[in-house]
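Peer 1: Following the hints, position chain B against chain A.
There are 2 protein chains.
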Amino acid sequence: MKLVLLSGGSGKRLWPLSNDARSKQFLKVLESDNKGLQSMVQRVWNQLKENNLSNSTVIATSKSQVEIIQDQLKNEASLIIEPFRRDTFPAISLAASYLYTFGNTKLDEVIAVLPVDPYVDSSFFNKVKDLEEAIYRSDTDIALMGVRPTFPSEKYGYIVPKKDTLDFSKIYKVKSFKEKPTKECAQDLINNGAFWNCGVFAFRLGYLINFLKREGYPIKYDDLLKDYVDLPKISFDYKVLEKAKNIIVLPYDGYWKDLGTWNTLTEEMQSNQIGNGILKDSENTHLINELDIPVTILGVSNAIVAVSPDGILVSDKDKSPRIKEIVSEFDTRPMYEERLWGWYRVLDYKKYDSKEVLTKRLMLRAEAHLSYQYHLSRTETWTIISGKGIVILNDKIINVEAGDVIKISLGDKHAIKAITNLELIEVQVGIEIIEEDIVRINDNWSEIMELIYN
Amino acid sequence: MKLVLLSGGSGKRLWPLSNDARSKQFLKVLESDNKGLQSMVQRVWNQLKENNLSNSTVIATSKSQVEIIQDQLKNEASLIIEPFRRDTFPAISLAASYLYTFGNTKLDEVIAVLPVDPYVDSSFFNKVKDLEEAIYRSDTDIALMGVRPTFPSEKYGYIVPKKDTLDFSKIYKVKSFKEKPTKECAQDLINNGAFWNCGVFAFRLGYLINFLKREGYPIKYDDLLKDYVDLPKISFDYKVLEKAKNIIVLPYDGYWKDLGTWNTLTEEMQSNQIGNGILKDSENTHLINELDIPVTILGVSNAIVAVSPDGILVSDKDKSPRIKEIVSEFDTRPMYEERLWGWYRVLDYKKYDSKEVLTKRLMLRAEAHLSYQYHLSRTETWTIISGKGIVILNDKIINVEAGDVIKISLGDKHAIKAITNLELIEVQVGIEIIEEDIVRINDNWSEIMELIYN
Chain A
1 MKLVLLSGGS GKRLWPLSND ARSKQFLKVL ESDNKGLQSM VQRVWNQLKE NNLSNSTVIA
61 TSKSQVEIIQ DQLKNEASLI IEPFRRDTFP AISLAASYLY TFGNTKLDEV IAVLPVDPYV
121 DSSFFNKVKD LEEAIYRSDT DIALMGVRPT FPSEKYGYIV PKKDTLDFSK IYKVKSFKEK
181 PTKECAQDLI NNGAFWNCGV FAFRLGYLIN FLKREGYPIK YDDLLKDYVD LPKISFDYKV
241 LEKAKNIIVL PYDGYWKDLG TWNTLTEEMQ SNQIGNGILK DSENTHLINE LDIPVTILGV
301 SNAIVAVSPD GILVSDKDKS PRIKEIVSEF DTRPMYEERL WGWYRVLDYK KYDSKEVLTK
361 RLMLRAEAHL SYQYHLSRTE TWTIISGKGI VILNDKIINV EAGDVIKISL GDKHAIKAIT
421 NLELIEVQVG IEIIEEDIVR INDNWSEIME LIYN
Chain B
1 MKLVLLSGGS GKRLWPLSND ARSKQFLKVL ESDNKGLQSM VQRVWNQLKE NNLSNSTVIA
61 TSKSQVEIIQ DQLKNEASLI IEPFRRDTFP AISLAASYLY TFGNTKLDEV IAVLPVDPYV
121 DSSFFNKVKD LEEAIYRSDT DIALMGVRPT FPSEKYGYIV PKKDTLDFSK IYKVKSFKEK
181 PTKECAQDLI NNGAFWNCGV FAFRLGYLIN FLKREGYPIK YDDLLKDYVD LPKISFDYKV
241 LEKAKNIIVL PYDGYWKDLG TWNTLTEEMQ SNQIGNGILK DSENTHLINE LDIPVTILGV
301 SNAIVAVSPD GILVSDKDKS PRIKEIVSEF DTRPMYEERL WGWYRVLDYK KYDSKEVLTK
361 RLMLRAEAHL SYQYHLSRTE TWTIISGKGI VILNDKIINV EAGDVIKISL GDKHAIKAIT
421 NLELIEVQVG IEIIEEDIVR INDNWSEIME LIYN
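Chain order of the listed sequences is A and B.
454 is the number that my numbering gives the last residue of the first sequence; the numbers go up by one with no jumps.
454 is the number that my numbering gives the last residue of the second sequence; the numbers go up by one with no jumps.
Pulled out of the complex, with its shape left as it was, chain A reads as follows (with noise of 0.2 Å):
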């Protein structure tokens, strides 16, 4: 058995600590068992490897979470990446050509799709482990994972089952499904044993290789890599899920949530505050501030608090879900990046009639660089606050540490090791200043120090 785990879009529900850089299943809110903050996608990974799933596990993704990927799970998880951002249906095609590819895996062989988030117990595990035998036993095309419901929901999906359960007790045939009906409706669907859809659901590699091939897609990985671009921007479960015509669902009574909410959220935190600040007077307040500066709460109850480099939320928690759809309108820049090399923070920024400046504080973790490159429209100073490091500026090596300043013009080939973590100020002036404008020479340093010396 295979399992996929998907690792999806932005998402604006948890502004402003969620960015284009930052989906929510990154932010570091959860108690972790050891010590510190982990992130959903930290939590799922160790509980994959609790249950023995780690292994035989693989994350499907786009290029921009790589790096965050790799640096909260410490590259211990295999990556598939979408080139492009689509939908569910080619992403998960994608890690299906790739275990059909180079993945060892039989056509026979159960793959298990997963959201990377779930907010569930130990044993949620387990029970994906379930769905292979009922695969097996069953013999049909693609089992599903039902949550008991603990209360009609109006934002979940339902999957009604059929009134009989199959011989090996348990498990149900599925009737129909039902997106985010009304409060009515879900009680009754829950009168009549539906379960919530948590997006878990399992099929045996085969069945997926033949859909594609049916639909004259290719099955090779590198094939349907080079064809990313034209797969339809669809989800699995319109494209495949509600026409197959022969689905189970395996129930699963333990704890399952989903944390896309500040006010669903906060109810996991295992503190009410995290960052610098104090609460006094309010309760069932939360407060995060990732900002240095303290936040002083006084009075005001039942309210999340989030403060972060994009901006600050004073939100009435019940009120919270509604966040996404005002802060839609923002545009901004990410003001904080995690990096494969370590971290930005923008300090500053500013649009004069004729140019723009902005101001970073980057770190560079010991040992990690950044690609030997240069600018087209934007000059950069870089003072070293802390830390040793390499410099490189126009093939010329140069030893830097705290206290020194490297002024990089236009065109100025550039590069920079950090020795120990290193810690700068970059000053970035130019007409425009966009991601875009990096002329990359190189980003493997030996063959950076190559070139130099030859």
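Treat the hints as calculated values from the structure; they're not laboratory data.
You can trust all of the hints, since none of them are fake.
Since the list can't tell identical chains apart, any single copy or any two copies may satisfy a pair.
Taking lysine-lysine and the BS3-like style, the derived pairs with C-alpha atoms no more than 27 Å apart in a straight line are: (1) 63 / 220; (2) 350 / 360; (3) 417 / 360; (4) 351 / 407; (5) 413 / 351; (6) 155 / 324; (7) 28 / 350; (8) 155 / 280; (9) 360 / 407; (10) 280 / 319; (11) 183 / 280; (12) 417 / 407; (13) 180 / 280.
Peer 2: Below, chain B alone, put in the same frame as chain A:
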């Protein structure tokens, strides 16, 4: 008649907008008649001008407020500067000795003392003028202004009049004072005709000069200034007023308010929002945001959300007066300061094991300059991000514009003068970064230029 405005200390009741460098009277949150926002000081100064009183007014203040007052009042006010922060008795005595020594003020002339920030109608200042005539006609030592109370406040001081008015109507002899009574007691006081003490009083210059003489203090300005450190930290109320035998009170029936806390201040704001952000479903909530990042408030009513480089406050309005006690333990570097040459904002501060790093954005107004100086324990990097200017570095003149970088090593003599409005990013790196680590060579630009050319 002369007026002395007392511009008092820091006060944390309007945290995070007020700090050691910016007391509440300098916050620009009040609507002005023409356009934009004005501070309490600016509002009072404009009212003094309307009443032709500004030319006979001096402002008694401390060193730390000189630059912000000169900036906000466009150098129109005469300042009397306390060398150290003392209490109101020393401050008023220094002002009196100044008027006695240099102010072309006769001993018989009346001096009226006012706080710098009462929120009042313009008619208030007519009543201030009436204090003069009241002193002369009643031949009393001290005349107070009494505000007709509108509710039994427990926060204010009360002036209790004797029953009979003086022969010219509406002036009362004072019987006693009562500070911060209980609500019941306050109601009794009001029923007996008591007034709120708004801190406005008047006396003949000779009265205080004679008082100083009797107590053995110098009366010449230079002498008093020299002995200032030895003056007792005591209020004028306690040292003089409460011991005076012969005091009258003039009732003022107009609008008066002490904008000392967030709940009273926001009542006088014309708009519910200053700065970047969105207010939704939030009744009677005010937002003041001095940062560039957006603030979203959703479904939180009767609250004040105040955001500055120093911190973030989210408080129920009724509870907001308690902020003073809560933040009294905060003792942080001011993150924003207005100076005579412009302003600076702290973008980033970090303390490492063996050093500190402070990153600022500075704005120098056209023609303004920093003094010629050097530092003994920090290096600085300036990246000019907008405008044009002249840098002097170790006696050499360098023309600079956006994109230029100046590296200032330990002991390097440096100054900068703005030709146009000029902004720069300054990165300070040092073992210990303190304001006092400035060795000033000269602050006068012509003299600096002479120094260099000779």
